[in-house]
Every structure is written in structure tokens, then in C-alpha cells.
Amino acid sequence: MNWLESPILVTGATGFIGGRICERLVMAGAKQARAMVHRPHRAARIARLPIELCPGDLLDSDSLRLAVGDAATVIHCGLGSARGIVRGTRNLLSVCEEARVRRFVHISTAAVYGLTPPTGSETEDYPVRFTGDGYCDNKARAEQEVLQYGRRGLRIVILRPSIVYGPYSSWSTRLIEDLRQRRVALIDGGKGACNTTYVDNLVDAVFASIENDSAIGKTFFITDGEPITWGDFILRHAAMFEREVELPRVEKQKLVEIYKKRPGLLVGSLKALPRILRSRELRQLLLQIPVAERLLTSLWGRMQSLSESRKRRIRARIGIQSHSSGSSPEGVIPDEVTFATQTGTVFFSIERARKILGYSPRISFVQGTDLVEKWLRFANYI
Amino acid sequence: MTSKLRLGILGCGAITRVAHLPAALSHPEVELVAMVDRDRERAQSLAQSRSIRCHISSTTEFDAWELDAVINALPNSLHAATTLQALEHGVHVLCEKPLATTSSDAEACAAMADKCDRILAVGMSRRFVGSHKLMHLLLQESALGSSLGYSCSYGGEFDWKSASGFYFSKSLAGGGVLIDFGVHLLDSLVDWFGPVTRLEYQDDDWGSGVEANAILEVRHSGRYGAVEGKLQLSRTFPLKNLLLVSGTDAEAEISLADLDCVNVHRTIAGEPVKQTMRLEDYPDTSSFCKQLDNFVQSIRGNEKPVVDGWQAAEILRVIENAYANAHRIPEPWSEVGSEIPIAATEVPA
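Residue numbers (the numbering used here), protein chains in the order written: chain A, 1 to 382; chain B, 383 to 731.
Bear in mind the hints are in silico, worked out from the structure with no lab data behind them. Backbone N, C-alpha and C fix where the C-beta goes; we use that ideal spot for every residue, glycine too. Treat the hints loosely; a few may be bogus.
[Unchecked claim] Restraint-style ranges between C-beta atoms, simulated for each label pair:
| # | chain 1 | residue 1 | chain 2 | residue 2 | range |
| --- | --- | --- | --- | --- | --- |
| 1 | B | Glu-582 | A | Gly-120 | 56 to 62 Å |
| 2 | A | Leu-66 | B | Glu-539 | 24 to 30 Å |
| 3 | B | Asp-421 | A | Asp-62 | 14 to 20 Å |
| 4 | A | Leu-66 | B | Asn-707 | 53 to 59 Å |
| 5 | B | Asp-631 | A | Leu-59 | 58 to 64 Å |
Using the sequences and the hints given, assemble the complete structure.
Here it is in C-alpha cells:
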């Protein structure tokens, strides 16, 4: 039977990749697609679609049993918290094994090699490594969990895209905002390997992984197959503005020296504290602690009951409206994560995907970025 | 001294927690006697968080609790049935927007309020922000000149933590961004410019879902003649969050960031000038506090509800008309050379 006729579950469906997979399932005529939703308020994009939204939490196996149900195919894009990446994936694998799911497609990442992949990691057989980055390390551990269940008989496929971009992608929306705020610099002329993956190319690979039995148990890099650099990616976005965007250049060696001179651990931590305390990410984490959730909810409720002028005064006092800029007297200084991400030299090979999955990137970088530009204009980002 | 109104709150989700409950607790003429939620624990937890002692229940006992009035903050699909039930028990109702998911249900509520001689007020809280009244004053004084028109874009990534998650179910919510947030804007615009006489509507519902984006082109015919405008609403993209009303002489701007003021832009002797206007002596309370006070004073016979059931039904007719004649927003970014199918199947909630 055609896999599109059978029940399909997508985890992480409220995210950028999961959301697009849901749209493409509808476009492909999937009859029983289900989108697992952990945070219902994030479901605006997929709530437009004629698919079933089912609640589920990767850290709650009972909810996963209900969500997986009779699914023949599970496409796992869900993340959750850093800790939840591994535990949540393990929970889902266990439930899928119990439910005798016929295909488990795991959306991994090329970041299993760290933010700056080492020479030799051009092909999938290079062993994953742990670099100390929470996201990268946990995604690497999650892959190992998936492989272990694969060895026990679950029909798994692992896909490792890299910089997945497309409409709704924060790679593009953040870059546009940073360009507008003049917070972007080209590191070493932007020659770092970007390894773009247009989101629809990734979805093609997901579908091919389900259709193709020879994919079972294997891991595949999925990129656009073009040697796109960070300079290409940044300059294409800069070209979307009507006015010319100034793009300062900064040498890699100079950045290394600047990072070395940065304040020590204690001073740096104290300086970062106010920004972290105001951050949305921290609030999201705190909301998982029942006492903190009650306190924050109560404070938020009280804030909402105030008049507009009082709310404005409070916002101004705690600096919610201020923006942190990457600019400094030394010019635009990218942070260490950006530096690590944009100074890689490895272009991942998609030969295995071509041979086994029959994967061939349909959307070129030129086409993909044109589509992104159309969306960014519609969505008023530019 | 008049005795306090015995008030019950039906539905203890997000809007009650952040808006209705603080308003009820701060009103000097209101005694909160009951909090009701299908999930009794949710009601209990909310009551405890504010040290409230009152009836906590999963069902409403209009008579046993001797309720004078209720705030109906249940999911949209329950608004009409619960409002009718309360009115039949002789209880006044302040119902969250939208009053119902269909105009006919809203009309039934309005008719029942008339029949039972009870107050039915509809929670269009935007009517109680300073900018709403300021815009009326500017229009009445012809401060913007003639040939009025407007453009309006409101949107951002949806972040409303609804307790029940009903917002994304067509059967429970009645629709998406249009019936949820657009209802406020249409209500304000109709109040300023008169009834809608022409409407073009597009949204991004792929079939049996709820729209996240909507674009409306509207014409009104009212006391200022024909006024045309365009609205863009989004639950997925950050929009400018501005309403601009322009005329031959000036442009008035209302920003979501400060709903108590209007910025008027005009040119004086060739120089562009911006004037920020606020109502003096406007109470420094939230719009929900003002809304509740209007409800209380309407029950006392001192005021009339700012938005009653009939007005709410009129806006719902506009929304129904929009949904019935919806066109799809083109999504050329969706895929090269591919048409998005419009599915005809209903999906269970």
C-alpha cells in the first residue's frame, strides 16, 4: 500500500521543518497525517492545514503512545529542551518499537560533528564527535539512540541536513534583521562552507527515505549539493534590500585575538546576566518549573491588568525594547557560535543519498533564495 | 449603599487569568462568588494563586449561588449556549468576544437579552482604550480632512497560551485570526466609519483548518461617506501593528504598542509635524477594568453596554460573509510550479 494512505505522525510539527513536512504531506495527498503538538500556541502555521493535530510531549511516554497510535510512519523532527533531545528521542523510539512502526525517519543534523566539522567528515561514515556544544552533542547522542534501535529491528533512516533554509526559517529572518541592524560581518570574506539545504529538498529526501527500503538503517547527508559559502548566503540576503547594505569584513585571526581578550569567566558572566534574565529563552525554561511558572504567570497577569502607560513605563525600565547589537568600537564582532558555524571548510557529500535514495536536489540555491525572498516580502520582513 | 453584584466567572483560562479576574477583584461594586471551569483543578489553582475564597466548580449553579451576573470566558463555541442559559436564569452576561461562532446564534443571544430584560455586553475591550475615543473625536472634528481611508496591519507570532488550545480548532473557535483578532478591528472600524457595504477577503486556510493570515479590503458607508480601507492580519509574521487613518489634511496613527494615544501627522507651513494626543483625566486602569465597569453601570441602569449583542451580531455577519466568499492568499513561495490542493475533507477536532 502507498505509504501516503497509511497513518503518518510528524513530531516537532510546529517547527520550521516539521511545519513544511506537514504542508508537503497535504500537497502529496496524505490521507491520515497527524501532527504532534507539544506547545499548542505554536500551531498557527499547521492549524491552517487539513490534518489532525494531536497533543504530545516527547518526555511523556503515555502521550506518545496516543500520538503514535497506529502510525505506520513516524517522521521525528521534535527537539524539546537540550536534555529532552536524547531522552525524548529514546522515549519515542521505544513507543515506535512497541507499536511496530514500519518506518522511523529521524531528522538529525550535520552538527553531530560540532559547529565546525573536521576534515574527513565529508562522508557519513566519519564517527560523530562530542565538542561540548549542548545542541550538537545531544543530537549526536540522539543519533546513537536511533542507530541502537535500528540494530534491534526498528526500520530507521537518519537524515543529516545542515543549514536548512526556506520560508519561515529563522536563518533567513534573523539574518535579515541582523543585516538591517548592521550586525553582520563577512568572516574571512565569507568563504566558510555553508552547506545549505533548501527545506523542500530535505522533504523530498524524507519522502524518498520512506519509499525506499534500501535506505533502512542508513545515515545520509542532505544538502543542496552546491558549494555555497556563507558569503553567498549572506550576500544574497543583503541583495534583498532596496538600499545597499554595508557588509564589513573581518579576518578570522583578528576575531580569535578579540575572543582571547574578552573578560574572564566571572566578569563576563556578570555582564551577561541582565540580558539572560530578560531573555525569552530563560522564561521558556523557567515555565517548566511549577513554582516559577506560577510566579511568572501571576506577574504576567498583573502586568496585563495595568494600563498601557504603566506597562510602557515598566517595559522601558527593564529594557525590553532595547536591542543588543553586535557592534563595538572594533566594528561588527560576530559571536563565538557564529564564528564557529561560519568558518568551517567541509562541504558534505550527498553521493550516498543520490545513489541509495535517488535523491537529487530539485531546488537550486538560486531558486531557493528567490522563493525565500518572495516569502520574506509577503511576511513584511523586507 | 447599593449592594455588591454577585459575579461568577465561567472559564478560567488565559484571558480570565490575565484580564477578567484582575478586573473583577479590583472593582469596588463586585463580589466574586464563583469560578467555574470544566477543569475544576484549574479554577481551584487560579483561585488559590490570588487567595480567593468563592465557589469553585465544574458546573454553574446560577440559582444556588444567587448570581447577579457572569463573565463568560469559555471557548468560543460555548459562548452562545452558555450566554442563553445564563440569560434564561435572569443573570446578566458579559461575554468574551466573539459572542458566538455564527451571527444567527449571536442574534438569538441578543433577542434573549431583550426578552429577559437582562444586560448582555460583549467583551470588545478595544472600545475602552483611549485611542478609540480619540479617533472618534478627531473624525467628529474633521481633523483629518475629507476623503478618509485606512490601512491596518496587525500581527505577530501567535503566543497566546490558551488553556484549552481551542484556538486552532475550527469547530471550537469558529475560525482563525479573523474571528479572533479581526473581530476587534472590524468592530472599531464599523463604530467609526459605519456599516460594511463591500468586502473582499483572502486567507491562507488550506481547507478545513483555521487561517493564520487574512487580508481584507473593506468599504464602509456611514456618517463620513464612503470610506475604504485594507486590513492585514497575521498569526505567523510580525507586522507593523499600526492602524493609519488618512484624510486630505492629516494622518492619524494608532500603534499596538500604546493603545491609549493617537499620533497625528500633518504638514504645517511645509514642515511635517507629529502631534501625540492623549485623553486627559482618562482613568489609569486597564481596558478590561473599564469594560467591567461599563457592564456594572449598565446593570445599575447608569449606562448602556458599549457593545451589545446586536452590534456583535452585525460584526459576525461581516465575518461570516468573509469566510463564505474567501479566496486563497497566493503562496508563490510554496513550491516551484506546484499548485496547493484545497482539501475538501473535514478533520475531526
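Verification of the hints:
Between Glu-582 (chain B) and Gly-120 (chain A) the C-beta distance comes to about 59 Å, which sits within the given range of 56 to 62 Å. Between Leu-66 (chain A) and Glu-539 (chain B), the C-beta spacing of about 27 Å keeps the proposed range 24 to 30 Å intact. Taken as a hint, the range 14 to 20 Å holds for the pair Asp-421 (chain B) and Asp-62 (chain A), whose Cβ atoms sit roughly 18 Å apart. In this structure the supplied range 53 to 59 Å is violated for Leu-66 (chain A) paired with Asn-707 (chain B), their Cβ-Cβ distance being about 38 Å.
Checked against the hint of 58 to 64 Å, the pair Asp-631 (chain B) and Leu-59 (chain A) passes, with Cβ atoms roughly 60 Å apart.
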